[in-house]
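Assemble the whole structure, with the sequences as input and the hints as a guide.
In this text, residue positions in the sequence shown follow this note's numbering: the first is 1, and each later residue adds one.
One or more of the hints may lead you astray.
[What the hints assert, rightly or not] Derived pair list, reagent style DSSO-like, types lysine-lysine, alpha-carbon separation capped at 30 Å: (1) Lys223 with Lys191; (2) Lys160 with Lys223; (3) Lys187 with Lys223; (4) Lys187 with Lys145.
[As the list claims (entries may be wrong)] Label pairs and their calculated CB-CB ranges: (5) Thr92 with Asn113: 48 to 54 Å; (6) Glu204 with Ile90: 19 to 25 Å; (7) Tyr217 with Val24: 34 to 40 Å; (8) Ala150 with Tyr217: 25 to 31 Å; (9) Lys87 with Thr35: 17 to 23 Å.
It should be emphasised that the hints constitute simulated quantities derived from the structure, not laboratory data. The beta-carbon is built from N, C-alpha and C at its ideal position, and this holds for glycine as well.
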Amino acid sequence: MIAAMPLAADVPGRVHPVKPLALVTISGVVRDSVTGAPIAVAVVHSGSAFYDRNNGTKADGAYTLTVPSGRPVLITAEQFSYEPQTKTPIATAGMTLDFSLTPRATATVRLTNGVTHVLGLSSSSFAYAIPFSGYARFDNANFCKTDGSAFAPSKNDISKIIGPPTSVNFAPCCASGAVLSANVEMKSGEKMQVYFTDSCGDSEVDFIGRERSTGVYQYMNFKDIAEIDFQ
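Have a look at this one:
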């Protein structure tokens, strides 16, 4: 006679279903660690969960996020002009989790009309327009010195570009017409007059970067720039 198997007995090899963790919604504000101001266009995420992956936070820096409860979860806040920050809370329903991000370097552009744009330096570039194609962008400037030699400093090594540039004729740096000239201060302390090689023949040269406060890209003709302060 075969004994009946207890209904509650385990059967070798049987896979027991894992009860899914409950999901909870948390919220908070992403702020600048120096000024305490809310940060816009910050993305907060955990695994595959994102707060507005495409646009990020609004001007108030606020976010909400749905994550598993009952165990530690990695939650990261990041924005293109700040260092990312990761926290590992055990989330509970209604939890408030704020972030304080450290600013990265910026390029502050003051235009001749008085408008100022603060750009994330990592997003900024020297550029020249290509007709019907957009822009060619570079992390290094393409300058020419007063002795006619090429000078291509990284944006990370420049302290200031003082303009607005003036259009001059200077054959050692441009044999085919006018070229823009401005003054440059390097972080090494060196100061010099330079010529924008890519402006030779009255071609357009630009400075491009993403506005830290809005995430919007700004495209600025060097002729309209009074000063760029690289910080």
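Here is how each hint holds up against the structure:
{"no.": "1", "hint": "Lys223 with Lys191", "result": "holds, 20 Å"}
{"no.": "2", "hint": "Lys160 with Lys223", "result": "holds, 16 Å"}
{"no.": "3", "hint": "Lys187 with Lys223", "result": "holds, 23 Å"}
{"no.": "4", "hint": "Lys187 with Lys145", "result": "holds, 17 Å"}
{"no.": "5", "hint": "Thr92 with Asn113: 48 to 54 Å", "result": "holds, 51 Å"}
{"no.": "6", "hint": "Glu204 with Ile90: 19 to 25 Å", "result": "violated, 55 Å"}
{"no.": "7", "hint": "Tyr217 with Val24: 34 to 40 Å", "result": "holds, 37 Å"}
{"no.": "8", "hint": "Ala150 with Tyr217: 25 to 31 Å", "result": "holds, 28 Å"}
{"no.": "9", "hint": "Lys87 with Thr35: 17 to 23 Å", "result": "holds, 21 Å"}
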